[in-house]
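Engineer: Top line first, the protein sequences correspond to chains A and B.
Just so we're aligned, residue 1 is where the first sequence starts under my numbering, counting upward by one.
Just so we're aligned, residue 322 is where the second sequence starts under my numbering, counting upward by one.
Read the hints as simulated data drawn from the structure, not as lab findings.
Built from N, CA and C at the ideal position, the CB exists for glycine as well.
Just to be clear, a hint being listed does not mean it is correct.
If you want the footprint, here are the derived chain A segments under chain B, 3+ residues with CB under 8 Å [stated by the list, open to error]:
1) 43-55
2) 76-86
3) 166-177
4) 188-194
5) 244-257
6) 272-279
In silico DSS-like links for lysine-lysine, alpha-carbon gap of 30 Å or less [claimed, not checked]:
7) K237(A) x K38(A)
8) K264(A) x K452(B)
9) K55(A) x K106(A)
10) K447(B) x K252(A)
11) K38(A) x K238(A)
12) K38(A) x K249(A)
13) K351(B) x K264(A)
14) K238(A) x K267(A)
15) K264(A) x K210(A)
16) K238(A) x K249(A)
17) K237(A) x K264(A)
18) K252(A) x K237(A)
19) K264(A) x K38(A)
20) K237(A) x K249(A)
21) K252(A) x K267(A)
22) K447(B) x K249(A)
23) K252(A) x K452(B)
24) K60(A) x K106(A)
25) K351(B) x K452(B)
26) K447(B) x K264(A)
27) K452(B) x K267(A)
28) K351(B) x K267(A)
29) K351(B) x K447(B)
30) K55(A) x K114(A)
31) K264(A) x K238(A)
32) K447(B) x K267(A)
33) K351(B) x K210(A)
34) K38(A) x K55(A)
35) K60(A) x K114(A)
36) K210(A) x K267(A)
Away from chain B, derived, C-beta distances all over 12 Å, residues of chain A [as the list claims (entries may be wrong)]:
37) Q64
38) L99
39) K106
40) C292
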Amino acid sequence: MTEPHTCMQIPAWMKSGETTEECPSYDNKRRKKNFIQKSISGVFRFFDESLQNEKYIRQKGFLQSLDPRVKLLSIIVIILGVSMTRSIEVLLLMYILSLIAAYFSKIDLFFFIKRIWLFIPVFAGIIILPVIFNVFMPGDAAIVLISPGQGAHLGPAALPGGLTITWQGLITATRFILRVVTCVSFAVLLFLTTRHSVLFKSLRTFHVPKIYVLTLDMCYRYIFLFSGMIRDFYMAKKSRTLKPLPMIKEQKWVGERIGHTLIKSLKTGEMVHMAMVSRGFNGDAKIMDTFCANRRDYISGVFSVILGVSLIIFSQITIIH
Amino acid sequence: MHIPDGYLGPITFIVMYIIMIPIWIYAGYKVQNYLRSRQIPYLAMAAAFTFVIMMFNVPIPGGSSGHAVGSALVAIILGPWAAVITTSVALLIQCLVFGDGGITAFGANCFNMGVVIPFVGYYTYKYISGKTPITSNLRIAAAAVAGWLGLSVAAGVAGFEMGIQPALEHTAAGVPLYMPYGLNITLPAMLIAHCCFFSIVEALVTAVAFAYIARSDPAIIFDYKKEEASTAGTKKNPENPQVS
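Produce the complete structure using the sequences and hints provided.
Structural biologist: Quick look at the structure:
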């Protein structure tokens with residue numbers, strides 16, 4: 001009798017069970033992340049962030065225990081107050097208040113500060129950086145960087161009086177960064193301590209139409225489904241990639257995946273609608289409202305509203321003076 | 322494009338909310354009319370798509386990559402009013418759950434990305450494509466121009482909103498309190514970066530995705546049935562008689 005599959009042999013490197021060197025794939029040779037890796041890591045970061053949020057939402061801290069409607073109103077009023085504040089000292093105090101609130105809400109302060117400062121303020125910092133120089137905002141010199149002296153020339157071109165960092169520029173930049181950081185800190189506190197479904201439902205307190213609230217809630221859940229789909233597209237592509245295709249073909253691939261995702265999402269919408277109709281949905285959606293505010297919620301709400309309104313009044317007084 | 326809190330002063334962000342509130346109400350009314358009970362799941366899926374489209378990285382020359390906003394594509398496929406709702410919902414989730422874009426700047430962000438891109442994109446597409454067949458190359462080119470123009474105009478509007486801050490919000494000594502750069506800096510910065518870079522990615526994605534949908538499932542494209550019905554008098558479609 002002959003063996004049926006004599007031509008199929010396991011390669012020697014598979015039998016050894018140990019790897020002598022790293023797999024020489026295309027991606028390992030490139031240090032820079034290509035579009036496939038960027039997309040995959042973007043999706044994983046999204047899932048990771050959602051899990052982190054979930055972890056803090058479950059903590060039994062100060063903000064987690066507050067009624068979501070009170071919390072939403074309080075944080076909106078505070079952000080409004082902070083966005084109108086002109087005083088650097090007050091902005092600093094408000095930032096410290098956000099850190100205190102994070103501490104009592106059992107949020108890891110290192111994680112909280114890193115999350116705030118790593119993205120938006122760094123971006124804001126790059127934008128605001130030129131303002132500190134006299135080229136963009138003339139003013140009193142704080143630090144002189146280049147001083148070629150009056151009438152200095154570089155060849156035929158006359159050099160400007162010098163490059164300095166100005167006090168006015170520093171104050172403007174500090175105020176701008178502090179305001180952005182404080183507003184973002186309070187906004188991040190809101191979603192780190194509130195379950196998304198109750199956060200969306202609490203929008204009804206502000207008379208946001210039901211259609212928007214329900215769409216929001218359903219949309220948030222399906223984002224995870226579609227994100228997983230995108231991750232699978234890129235994973236499948238990565239697993240088949242030995243050598244990158246010409247850029248135009250890669251771009252065409254991405255565009256077609258986007259088109260496919262849109263078709264798929266609308267088809268899913270149709271199926272979800274049929275499932276809803278089969279369960280009795282007639283277009284009139286109902287929201288199960290189970291909010292219950294207690295005395296502590298009212299006290300916190302009143303305190304936050306007074307604080308926010310005080311900031312707004314204070315900012316108006318400083319304008320008058 | 323996502324403006325965070327602290328960039329725009331109260332005059333601007335309050336005005337943007339005042340502009341957006343009637344637009345949100347009218348968009349809800351308009352969409353409710355043609356979607357009826359289907360509206361919630363349909364809009365929710367489209368909004369989820371609007372959110373995740375930003376996760377697609379597109380390779381661009383120089384070994385880097387960028388991502389599209391996708392509002393022009395959504396407007397061409399679902400109609401501009403549905404795009405207002407889906408983009409606003411996606412932006413609200415980004416703002417409330419992931420801190421991307423500010424709460425005070427939400428009205429401005431929705432105006433730029435949820436109104437300007439869809440309407441400029443949709444009417445550009447409609448004007449260029451005319452009454453050509455759904456799979457014609459002219460429609461693909463129209464989708465590309467719609468994507469490019471929609472995002473570029475929105476970038477210009479965002480640049481304008483930021484650039485007027487020094488004139489609107491400053492101390493008695495003239496020191497700016499919010500975005501410190503004037504229109505002479507913000508407009509070119511936003512327009513050059515978008516016209517030469519991000520809008521090209523947007524154009525590419527809009528065109529390829531539109532071509533794919535027109536080829537594989539044209540029935541989902543907004544106005545498709547209306548356009549098919551108008552051409553029915555001259556040409557019969559044997560594969561899909563109920564459309565013609």
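Engineer: So, for every hint listed, does it hold in this structure?
Structural biologist: Outcome of the hint check:
no., hint, result
1, 43-55, "holds (count 4)"
2, 76-86, "holds (count 7)"
3, 166-177, "holds (count 5)"
4, 188-194, "holds (count 3)"
5, 244-257, "holds (count 8)"
6, 272-279, "holds (count 4)"
7, K237(A) x K38(A), "holds (13 Å)"
8, K264(A) x K452(B), "holds (27 Å)"
9, K55(A) x K106(A), "holds (11 Å)"
10, K447(B) x K252(A), "holds (23 Å)"
11, K38(A) x K238(A), "holds (11 Å)"
12, K38(A) x K249(A), "holds (18 Å)"
13, K351(B) x K264(A), "holds (24 Å)"
14, K238(A) x K267(A), "holds (27 Å)"
15, K264(A) x K210(A), "holds (25 Å)"
16, K238(A) x K249(A), "holds (15 Å)"
17, K237(A) x K264(A), "holds (19 Å)"
18, K252(A) x K237(A), "holds (13 Å)"
19, K264(A) x K38(A), "holds (23 Å)"
20, K237(A) x K249(A), "holds (13 Å)"
21, K252(A) x K267(A), "holds (22 Å)"
22, K447(B) x K249(A), "holds (27 Å)"
23, K252(A) x K452(B), "holds (26 Å)"
24, K60(A) x K106(A), "holds (8 Å)"
25, K351(B) x K452(B), "holds (24 Å)"
26, K447(B) x K264(A), "holds (24 Å)"
27, K452(B) x K267(A), "holds (27 Å)"
28, K351(B) x K267(A), "holds (22 Å)"
29, K351(B) x K447(B), "holds (19 Å)"
30, K55(A) x K114(A), "holds (17 Å)"
31, K264(A) x K238(A), "holds (22 Å)"
32, K447(B) x K267(A), "holds (25 Å)"
33, K351(B) x K210(A), "holds (15 Å)"
34, K38(A) x K55(A), "holds (25 Å)"
35, K60(A) x K114(A), "holds (22 Å)"
36, K210(A) x K267(A), "holds (23 Å)"
37, Q64, "holds (16 Å)"
38, L99, "holds (16 Å)"
39, K106, "holds (19 Å)"
40, C292, "holds (22 Å)"
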